[in-house]
Amino acid sequence: MKKSLVTLLATAAMAVGSAAVAGDWPERPISIIVPFKAGGSTDLVARSFATAIDEADLLSQPLTVLNIGGHSSVGARRVLDASPDGYEFLLHETGIIGAQASGIIDFGYADYKPVAATGSICMALMTRKDSGYDDLNSLLDAARAAPSEIVFGVNLGGLNHMSGILLENAAGVKFRFAQIGGSADNFAALTGGQTAIASVGAAGARNFTLTDDGQVSDDSQVQTIALLADQPHPRLPNVQTAAEQGSDVQFCFTNYWFAPKDTPDAIVDAFAGALEAAAETDRIVQFYNDTLSTPVFLSGEAFATHLEETAAVVGPIAKQATQQ
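For the sequence shown, the residue numbers in my numbering are 205 to 528.
Among these hints, one or two may not hold up.
[Unchecked claim] Calculated pairs, EDC-like style, for lysine to aspartate or glutamate (alpha carbon to alpha carbon, straight line, at most 16 Å):
1. Lys333 / Asp473
2. Lys317 / Glu512
3. Lys317 / Asp466
4. Lys378 / Glu353
5. Lys317 / Asp289
6. Lys378 / Asp345
7. Lys333 / Asp422
8. Lys465 / Asp345
9. Lys523 / Asp285
10. Lys317 / Asp285
11. Lys465 / Asp289
12. Lys523 / Glu372
13. Lys317 / Glu505
14. Lys317 / Asp469
15. Lys241 / Asp389
16. Lys465 / Asp285
17. Lys317 / Glu353
18. Lys465 / Glu292
19. Lys317 / Asp473
These are calculated hints, taken from the structure and not from any lab test.
Working from the sequences, and respecting the hints, build out all of it.
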């Protein structure tokens, strides 16, 4: 009986302490670490949410976005080792799971405290207009006829590489993956004739191939031949999904917000609440529309389950990438 009473009192004290921590927090600006260059998709997500939270007065202190250059592991490790006081958070994406599974980094999502998942964007396949690959099937037919000869520009081990491997597995073909980089670098490689195909986020595909009013650009040398999503997107007119063309391939990535492992639950819940409220603002609704993102918000057990399920899919693909 005494032991039970002591346990109850200790639990109650911890709950009161957590509530006090949440009540006092935040007392100074909060840093959001983006482990990528400024101007990239993750950076834009961070800055949009930071602005939305500030405009709606959802927290008493502003959010400051810090871009940590070099390999993404540098910024991710900074938050891993940060003080768990609620003043430093990490914004990453699905790639952190692949990086750990492939051995690029020796830590992963389980080493943080998960806060929330916000927004999802699917990949799209682009080719040069003069390549002769005007749809997915013509590309795959050529790949079957010439295994490992068609050059697919990627960031080795990255999301675009994994989406290419998924396509290989589904269609029974082999590409020759070449280290190029992210979306902008791959667009340059395509237009320069260094590569024949690239996988980029849907927003990038739209920007590279359409005019501002949504018409096919006559000036662009590239075209979008497939969207790796479960359904077409109205802002990518006349672009079929891979499944509609006979290859059931979907590859989308989600933005992940993490805190240092021992950050108090009350602070994590309060920050997640601010993100959830921000996701409902006109600014974020418009941001999702502009970037062809699917509105997503997950926290708590739902987010934890999503991470585990995603790791089960992405992990084996990432390991396969290291073997190519």
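Now for the hints, and whether the structure bears them out:
Restraint check for Lys333 and Asp473: not satisfied, since their Cα atoms lie roughly 49 Å apart, outside the 16 Å limit. Proximity of Lys317 to Glu512 is assessed by CA-CA distance (about 14 Å); at most 16 Å being required, the pair is judged to hold. A threshold of 16 Å between alpha carbons decides the hint, and for Lys317 with Asp466 the separation of about 7 Å falls inside it, so the pair holds. Of the pairs offered as hints, the one joining Lys378 and Glu353 holds, with about 8 Å between alpha carbons and a cut-off of 16 Å not exceeded.
At roughly 12 Å between alpha-carbon atoms, Lys317 and Asp289 fall within 16 Å of each other, so this suggested pair holds. Under the criterion of a C-alpha separation no larger than 16 Å, the hint pairing Lys378 with Asp345 is consistent with the structure, at around 11 Å. The straight-line distance between the Cα atoms of Lys333 and Asp422 is roughly 10 Å, inside the 16 Å bound, and the hint therefore holds. The straight-line distance between the Cα atoms of Lys465 and Asp345 is roughly 48 Å, outside the 16 Å bound, and the hint therefore fails.
Of the pairs offered as hints, the one joining Lys523 and Asp285 is violated, with about 26 Å between alpha carbons and a cut-off of 16 Å exceeded. The straight-line distance between the Cα atoms of Lys317 and Asp285 is roughly 12 Å, inside the 16 Å bound, and the hint therefore holds. Annotation: proposed proximity of Lys465 to Asp289 holds, straight-line Cα distance about 10 Å (limit 16 Å). A hinted pair counts as satisfied when its Cα atoms are at most 16 Å apart, and Lys523 with Glu372 qualifies at roughly 15 Å.
With a CA separation close to 12 Å, the supplied pair Lys317 and Glu505 stays within the 16 Å bound. The suggested pairing of Lys317 with Asp469 holds, with an alpha-carbon distance near 9 Å, which does not exceed 16 Å. Between the alpha carbons of Lys241 and Asp389 the distance comes to roughly 13 Å, so the proposed pair stays at or under 16 Å and holds. For a cut-off of 16 Å, the pair hint linking Lys465 to Asp285 stands: about 9 Å separates their Cα positions.
This hinted pair does not check out: Lys317 and Glu353 have alpha carbons roughly 43 Å apart, beyond 16 Å. Simply put, Lys465 and Glu292 have alpha-carbon atoms about 11 Å apart, close enough for the 16 Å limit, and the pair holds. Between Lys317 and Asp473 the CA atoms are separated by roughly 11 Å; this keeps the pair inside 16 Å, and the hint holds.
In summary, the numbered hints that this structure violates are 1, 8, 9 and 17.
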